[in-house]
Amino acid sequence: AQSVAQPEDQVNVAEGNPLTVKCTYSVSGNPYLFWYVQYPNRGLQFLLKYITGDNLVKGSYGFEAEFNKSQTSFHLKKPSALVSDSALYFCAVRDDGGSQGNLIFGKGTKLSVKP
Amino acid sequence: DGGITQSPKYLFRKEGQNVTLSCEQNLNHDAMYWYRQDPGQGLRLIYYSQIVNDFQKGDIAEGYSVSREKKESFPLTVTSAQKNPTAFYLCASSVPGNSPLHFGNGTRLTVT
Numbered sequence: 001a002q003s004v005a006q007p008e009d010q011v012n013v014a015e016g017n018p019l020t021v022k023c024t025y026s027v028s029g030n031p032y033l034f035w036y037v038q039y040p041n042r043g044l045q046f047l048l049k050y051i052t053g054d055n056l057v058k059g060s061y062g063f064e065a066e067f068n069k070s071q072t073s074f075h076l077k078k079p080s081a082l083v084s085d086s087a088l089y090f091c092a093v094r095d096d097g098g099s100q101g102n103l104i105f106g107k108g109t110k111l112s113v114k115p
Numbered sequence: 001d002g003g004i005t006q007s008p009k010y011l012f013r014k015e016g017q018n019v020t021l022s023c024e025q026n027l028n029h030d031a032m033y034w035y036r037q038d039p040g041q042g043l044r045l046i047y048y049s050q051i052v053n054d055f056q057k058g059d060i061a062e063g064y065s066v067s068r069e070k071k072e073s074f075p076l077t078v079t080s081a082q083k084n085p086t087a088f089y090l091c092a093s094s095v096p097g098n099s100p101l102h103f104g105n106g107t108r109l110t111v112t
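From first to last, the protein sequence lines are chains A and B.
Going by our numbering, the first sequence wraps up at 115, each residue one higher than the last.
Going by our numbering, the second sequence wraps up at 112, each residue one higher than the last.
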């Protein structure tokens, strides 16, 4: 069975410091991995995805994520956090044999960036 | 601008009443999805449709129904059989393959 875990309910970072939001996954085949961001009372916005190729994926708003097959992880990173990055972040995964209807979301990590 | 429109933004209903949430997209996407979001539980798939006149149950379909008569529209009915209907409901769409989902801004349903 597919699963995705975001081990931290909340991450607190000072503005200007690097941030990491963690995600680990379990799939039966090759993973397709996604990160989304959600601002209060809004839908989710796509940040980046890993399908194949380079393990370091660059996305919107200066975010990037590193795919690590041996550790089954896909952590979201940003070199310098902004207060406006404060939001709820979701990791999602499915295996390459399924469809988007098989996409599994993590429970979300609340990122709080303080000035 | 292309996008997904969910209406209404807030919806209040009495227990025992059916209610229908609207989702319309002008992105020309074939696939559409309904998710339910509860605090601390992430998103759970209710129903999805990959093509007009066809749809599949997701992980938590009990107490919900959908229709897909038009490519642009995928309404969700929350029936009285749904035990805990109060939640934030998100509609999404996508093209086939590895493309990301495009989400609407959600409908917050409160049933008392």
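Just so you know, the hints here were simulated from the structure itself, not pulled from any lab data.
Computed from a predicted structure; not experimentally measured.
Don't take every hint at face value.
To be verified - Taking lysine-lysine pairs in the DSS-like style, the calculated list, with each CA pair at most 25 Å apart, reads:
#1 Lys-9(B) with Lys-110(A)
#2 Lys-9(B) with Lys-107(A)
#3 Lys-57(B) with Lys-107(A)
#4 Lys-107(A) with Lys-14(B)
#5 Lys-71(B) with Lys-14(B)
Stated by the list, open to error - Cβ pair distances, simulated, as ranges:
#6 Val-52(B) with Pro-7(A): 38 to 48 Å
#7 Gly-3(B) with Pro-40(A): 11 to 21 Å
#8 Pro-7(A) with Gly-16(B): 36 to 46 Å
#9 Arg-13(B) with Ser-3(A): 11 to 21 Å
#10 Ile-51(B) with Pro-115(A): 24 to 34 Å
#11 Glu-8(A) with Ile-51(B): 32 to 42 Å
#12 Lys-69(A) with Gly-16(B): 47 to 57 Å
#13 Gln-71(A) with Gln-17(B): 22 to 32 Å
Cβ coordinates follow ideal geometry from the N, Cα and C atoms, glycine included.
Hints and how they fare:
1. Lys-9(B) with Lys-110(A): holds, 23 Å
2. Lys-9(B) with Lys-107(A): With Cα atoms ~23 Å apart, Lys-9(B) and Lys-107(A) stay inside 25 Å; holds.
3. Lys-57(B) with Lys-107(A): OK: Lys-57(B) and Lys-107(A) at ~21 Å, within 25 Å.
4. Lys-107(A) with Lys-14(B): At roughly 29 Å apart (the allowed maximum being 25 Å), Lys-14(B) and Lys-107(A) break the hint.
5. Lys-71(B) with Lys-14(B): Roughly 31 Å separates the two Cα atoms, so the pair is violated.
6. Val-52(B) with Pro-7(A): 38 to 48 Å: 40 Å Cβ-Cβ, so the 38 to 48 Å window holds.
7. Gly-3(B) with Pro-40(A): 11 to 21 Å: holds, 19 Å
8. Pro-7(A) with Gly-16(B): 36 to 46 Å: holds, 40 Å
9. Arg-13(B) with Ser-3(A): 11 to 21 Å: Taking Cβ atoms as reference, Arg-13(B) and Ser-3(A) lie about 33 Å apart, which means the hint is violated.
10. Ile-51(B) with Pro-115(A): 24 to 34 Å: violated, 49 Å
11. Glu-8(A) with Ile-51(B): 32 to 42 Å: holds, 38 Å
12. Lys-69(A) with Gly-16(B): 47 to 57 Å: holds, 50 Å
13. Gln-71(A) with Gln-17(B): 22 to 32 Å: For Gln-17(B) against Gln-71(A), whose Cβ atoms are near 49 Å apart, the range 22 to 32 Å is violated.
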